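The hints should help you fit chain B onto chain A, whose structure is shown.
Protein chains: 2
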Amino acid sequence: MIRLYDFWESGNAYKVRLLLTQLGIPFERVPVDILKGETHTDEFLRKNPNHRVPVVEWPDGRTLAESNAILFYFAQGTKYLPEDPWLRAQVLQWMFFEQYSHEPFIAVMRFWHFSGQLEANRQFVAEKTERGYHALKIMDAHLSPRSYFAGDSYSIADIALYAYTHVAGEGSFDLGRFGAVNAWLNRVRRQDGHILITDSVGTEINFPE
Amino acid sequence: MIRLYDFWESGNAYKVRLLLTQLGIPFERVPVDILKGETHTDEFLRKNPNHRVPVVEWPDGRTLAESNAILFYFAQGTKYLPEDPWLRAQVLQWMFFEQYSHEPFIAVMRFWHFSGQLEANRQFVAEKTERGYHALKIMDAHLSPRSYFAGDSYSIADIALYAYTHVAGEGSFDLGRFGAVNAWLNRVRRQDGHILITDSVGTEINFPE
Numbered sequence: 027m028i029r030l031y032d033f034w035e036s037g038n039a040y041k042v043r044l045l046l047t048q049l050g051i052p053f054e055r056v057p058v059d060i061l062k063g064e065t066h067t068d069e070f071l072r073k074n075p076n077h078r079v080p081v082v083e084w085p086d087g088r089t090l091a092e093s094n095a096i097l098f099y100f101a102q103g104t105k106y107l108p109e110d111p112w113l114r115a116q117v118l119q120w121m122f123f124e125q126y127s128h129e130p131f132i133a134v135m136r137f138w139h140f141s142g143q144l145e146a147n148r149q150f151v152a153e154k155t156e157r158g159y160h161a162l163k164i165m166d167a168h169l170s171p172r173s174y175f176a177g178d179s180y181s182i183a184d185i186a187l188y189a190y191t192h193v194a195g196e197g198s199f200d201l202g203r204f205g206a207v208n209a210w211l212n213r214v215r216r217q218d219g220h221i222l223i224t225d226s227v228g229t230e231i232n233f234p235e
Numbered sequence: 027m028i029r030l031y032d033f034w035e036s037g038n039a040y041k042v043r044l045l046l047t048q049l050g051i052p053f054e055r056v057p058v059d060i061l062k063g064e065t066h067t068d069e070f071l072r073k074n075p076n077h078r079v080p081v082v083e084w085p086d087g088r089t090l091a092e093s094n095a096i097l098f099y100f101a102q103g104t105k106y107l108p109e110d111p112w113l114r115a116q117v118l119q120w121m122f123f124e125q126y127s128h129e130p131f132i133a134v135m136r137f138w139h140f141s142g143q144l145e146a147n148r149q150f151v152a153e154k155t156e157r158g159y160h161a162l163k164i165m166d167a168h169l170s171p172r173s174y175f176a177g178d179s180y181s182i183a184d185i186a187l188y189a190y191t192h193v194a195g196e197g198s199f200d201l202g203r204f205g206a207v208n209a210w211l212n213r214v215r216r217q218d219g220h221i222l223i224t225d226s227v228g229t230e231i232n233f234p235e
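Heads up: the sequence lines are chains A and B, in that order. Under our numbering, think of the first position of the first sequence as 27, with each following residue one higher. Under our numbering, think of the first position of the second sequence as 27, with each following residue one higher.
Quick caveat, the hints were computed from the structure, so don't treat them as lab data. No experiment lies behind these values; they were computed from the predicted model shown. Among the hints, erroneous ones may be present.
One copy or any two copies: either way a pair holds, since identical chains are not told apart in the list.
In silico lysine-lysine, DSSO-like type, Cα no more than 27 angstroms apart, as pairs [stated by the list, open to error]:
#	residue 1	residue 2
1	Lys154	Lys105
2	Lys154	Lys62
3	Lys163	Lys62
4	Lys62	Lys105
Chain A with its partners taken away, still in its complex shape (with noise of 0.2 angstroms):
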């Protein structure tokens, strides 16, 4: 069985586990807390030199890293990646927004909220919350005319943009102004097999063992 290696306020791994469970793939769950720095022991490190969660594990030993790698590998072939290749392009530019222009400033200031470090990091407070609605106002936009990202339907483009958007509330930013970002994330609450962030998926194992 795959292991994912796992935080439970990870929106990263979220993407993951939301996927694998839409996917009917079972996987054993990991916790490594970042807090304490279990993604920085000598064994973590060799799963990933990058120390980030999530990364995915097979019984082989083979190590994916990267949540939006890790959700367009198991969705080659399924409903969840279109075939067609202008389609993938858009997926894979909204996946690469996410990471670039949305993540590094609403997942951020989410982490500084609940990690108890947003004193320490007050001066950067007003870039991360400027840029942060920068990539929501990008997205209201898109969103207005459609209903997904990328073409007709629900995607990995809209897992990746799904898990720190809905969320965004706990690193204080307001989504109440943003009327299609708030349509789309109810119309992907609504997809089959959804779970939430806090929702118990996989079958927990310790680590290290």
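Below, chain B without anything else, positioned relative to chain A:
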């Protein structure tokens, strides 16, 4: 003919110039000066609301942003992107690594140097430098037993990482200590159809028309 909205010094735009040249795909090159704010004009924002180059535009008006999504689009069905689902995920893992854990440090340091913004950002230089070296160390360890980032041949993962790595010295990074990275840089330079970041390619047209 397709148009590439381009900025000469941008490694992200160079990625696209390089792949299109290696594929023999003709294009019009539309220079956009990011230092003069030309990515923030209404005309440009209609092409990419995220105000970044590169953007590719088709004659029917369709546009595609995000350098690595553009690479993926054109590489589909060519030798620059493996068909194998596992190798394809490896390619994407390194491309997402590039955008999240490499470009924001190595490219940004270089940008501050050539745009004269280094002094204004002096307080961030130590962290950017440390995180840039961290990315280079991960690359060097990965490449030590390998010739390319994913599988046994040159792919868009190599193009994505080459773009800013080969000019990291312009951001004060010392590449001398990374032997495997240097051997790989030379391997990339020897690929058929390789061009320099400064090479004139495409038919240049003005923006706005």
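Each hint, compared with the structure:
1. Taking the shortest Cα distances, Lys154 and Lys105 never come within 27 angstroms of each other, neither inside one copy (34 angstroms) nor across copies (40 angstroms).
2. Taking CA atoms no more than 27 angstroms apart as the test, Lys154 paired with Lys62 passes in both settings, with 25 angstroms inside one copy and 23 angstroms between copies.
3. Taking the shortest Cα distances, Lys163 and Lys62 sit within 27 angstroms of each other only across copies (24 angstroms), while inside one copy they are farther apart (35 angstroms).
4. Neither within a single protomer nor between protomers do Lys62 and Lys105 lie at most 27 angstroms apart by alpha-carbon distance, with minima of 38 angstroms and 43 angstroms respectively.
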